[in-house]
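Chains A and B, in that order, are what the protein sequence lines are.
Count along the first sequence starting at 1, add 69, and that's the number in our numbering.
Count along the second sequence starting at 1, add 145, and that's the number in our numbering.
Simulated from the structure, these hints should not be mistaken for lab results.
Computed from a predicted structure; not experimentally measured.
Just so you know, nobody snuck in bad clues.
Some, not all, of what chain B presents toward chain A, calculated at C-beta under 10 Å: (1) S181; (2) G182; (3) G184; (4) Y185; (5) T192; (6) T194; (7) W211; (8) T345; (9) G350; (10) G367; (11) R369; (12) D370; (13) S378; (14) V381; (15) Q483.
Even glycine gets a Cβ: it sits at the ideal position worked out from N, Cα and C.
The chain contents come next:
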Amino acid sequence: MNTLDKKTDTQAGTHIRSPLLEAMGLLDRKNRFLCLLLFFLALLPFLLLALPKDSPPGSSPGDSSLSGVFSDTDAPEGDFAVITVSGSEVARIPLSSTPRRVTISQGQGVENVIMVTESGVYMESSTCDNQLCVHMGTVTHDNWEFRPNGAFIICLPNQVSVELVVKDD
Amino acid sequence: MIKTYMRMISSFLVCCLLLVLLAPCESRAEEAERVSGVGYYFDTVVTITLYGTDEKELSSLLEDIWVECARYEHLLSKTIPGSDVSRLNEAHGEAIRVDPETWDILRRAKDISASSGHAFSVTIAPVTELWDFTGGTQRMPDDDELAAALPLVDDEALELLGDSMVRLPDGMKVDLGGIAKGYIADRVADLCRDQVIGATLNFGGNVYAVGEKPGSAPFRVGIRDPQGGENSSIAVVSVKDISVVTSGIYERFFVKDGVSYHHILDPESGISAFTDLAGATIICTSSMDADAMATACIVMGREKALAYLQENGMDGLLIDRDNEIYTTPGFEDTFALQLLFAAP
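Isolated chain B (complex conformation) (with noise of 0.2 Å):
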């Protein structure tokens, strides 16, 4: 009699134990937890959306997030009183220290600059502040202050001495705009990458697609139509674990008795590049890089810009004035590059 209920007892105590231990796997595997936000920083839209197994961490980390942008915002911020940018374009031609990671980007920059042979630069905002593309006025400079400013424009001045010192002589100003955003972008992804499944990161055109989508998918990044509209995409590249800026003439332009002006400068003249490229697609795990090179291709032109993709090994799309798409080696295989010939 005993034994009988024994042997009743173990079978549901194991039953038990089984549905107690199974519970919360078969939950995890149910559905993947989201959260996403918005944030404005630098002057532009951040949205992050990530896929996790709690919501309360993904959560949590979104508020991490959000700290990092806006310390960032306060060290990098050309226009914030006591940034580090800020304090080093009021230093005339003092050495002043900055924070380690401020000294970090000036150093890529500095790199960038002199690899593309100055078609990106970094002290190029004595000529940005001449312009003003969002503001309404179409304001542009007229000979004589370009003549005074583009002197002002040397990224070999701009010194990175030891113990995170630099100096930038009198007159100069640095503008991390062109690299920042990919920087920050960054390191919110090393931020993320322990504590997601997958994760898209949107700094205003710097995108990270941290890991993967749950279900081990690929996350699919549109790249935008340089003669469509705000909404409409050429192309779709899916991307795991990597980096996807986009830089394009469309962006911040204003339209001056008959002539495009867009907010990409030529560091060399002073004035929009005119090159045959009207977008540069860079897919790098370093979106820093990626976004300083993006730039540095509209202002080189196809060719060059081709050229100096596969001598750093990056990968690549560039579209022409005339919609013509080039890329580098193995980029359509690579990320699965699918082509949209009407907006979807």
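Bound-form chain A, shown alone (with noise of 0.2 Å):
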């Protein structure tokens, strides 16, 4: 390995007037590697932006009373359903072949069945007393521009929703 000691030392003879000039003298022997170095400088910002974002707030899983509940916190490549209780996100699920059934509990007997499948997402049962989340049916990536209530199914007795994210492209 070389150190910047040995650089200076190989400009010695070279017609140097000024610092500028003179680190620019130190590429001769050394520019492949000046010049790596400038490249991954270059690409210092491309590299920041690609890092990982902070995960959504309240999005663990385990929250307190919840029960059932698994969560992926990282935002999911397709589409993917989020779930709030009283306004707060509990889990986030992306839609996948294999059919998941999240039971939100919040106690007293206040429970909401969500099911999630490749397709879609819906309500599968409540315990609240007007069954509209219910009759909400099912969201999918072809039908929520459509609903009345877009791309959210909500228990509003129960104060749990479920949002389908759609990632259109």
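Take the two lone chains and join them into the complex the hints point to.
If you want it as structure tokens, here you go:
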């Protein structure tokens, strides 16, 4: 490995009139090294931007009184369902070929069961009195823009919501 | 020798500079950030979806929106003690000072009440309190109760004085339920406008499409099929920076003795409006106006409603009880109306 001192020594005999030229003179033998260095410096902004972002607040699994909730904290690649209780996110689950049943239990007999399938998400059952959420059908990649409630299924009495987040590209 | 190096170094420096400058731009163009949230205010659900360039800014905006929602709820709710509306309803005929915003909403409510021939009323609370459309008791008023309550429904008796002062005759009550959500949607849209590429704000049926979807596309809003279920739309409109408000007789109702009573009450009779209309959608930059007018349309019935909307230069879509669709002139083209013959 070369050191800076050694490089400086090798330039002793050249006509150096300024620090910049002196620095350029260093390239005499080590231009490959400097080129690489510059190249990586140029890449630095890209690398910084590519770093994973903070996971959204409240998306960690196993929150308080909820049971049976499993979560993928990072934003999944494809469409995914975001479940909230009283406005706080408790889980985000990617649509996958293996259907997932998510039970949101809030105690005192308050329970919502959400199904996340390959094609979409729906409220399978709810202990609420009006059952509107159960009748809100399935939100899919193809119908979310046409539904009266958009990408959401909402249980107002139990304050549970499911949103299908569609990656439209 | 030095010249060669200088050339090489210069080109590298230029490359580096370009890369450094271009990096953030490329990242922005790649994909718009998206933040959404659900809140429970005004006895309904508020869903917000924001699109922008900076996730942290969007999250911060979402927090600001919830703060505003809570503030408005404490100002305008009929059931929260100490709100402007509660204080007014308990003032026993004394003039009280309200927030200038409350005064403005009351002003506009009175205007729409007058222009609609009182098909919309902001003082209908004494009558609505006699009904229960949500509690499951199927309570409805008898003739005596209605006879006692109807004289208290009189928007003209609500006096708007100077300096944000308001006077309501003793016994009368104000309910901003038919207009407040629209007003709040307007204010939240204002809050978003400069901070997002686009946003959809849904205040329990009052949808505000702020700006446009990333990629300059319009937002699409489904209009509920009055004869379909919760998931069923009869049509879809494409909109940018405008509010779409739908009111329908299917929202809250109960069936008693074979009659379906719904929550849109005719201020004149104090009973559910049994006109030929089942749904009304108004598209307007003022969600507040659209909110009050959609309700008024149901009470008026199709012919009166279409005339009323045209007189006021409003864009509307009306659906009668046979699911026939009627629109104001130009509606279909302006909003690229797409009819859905079967639920998607």
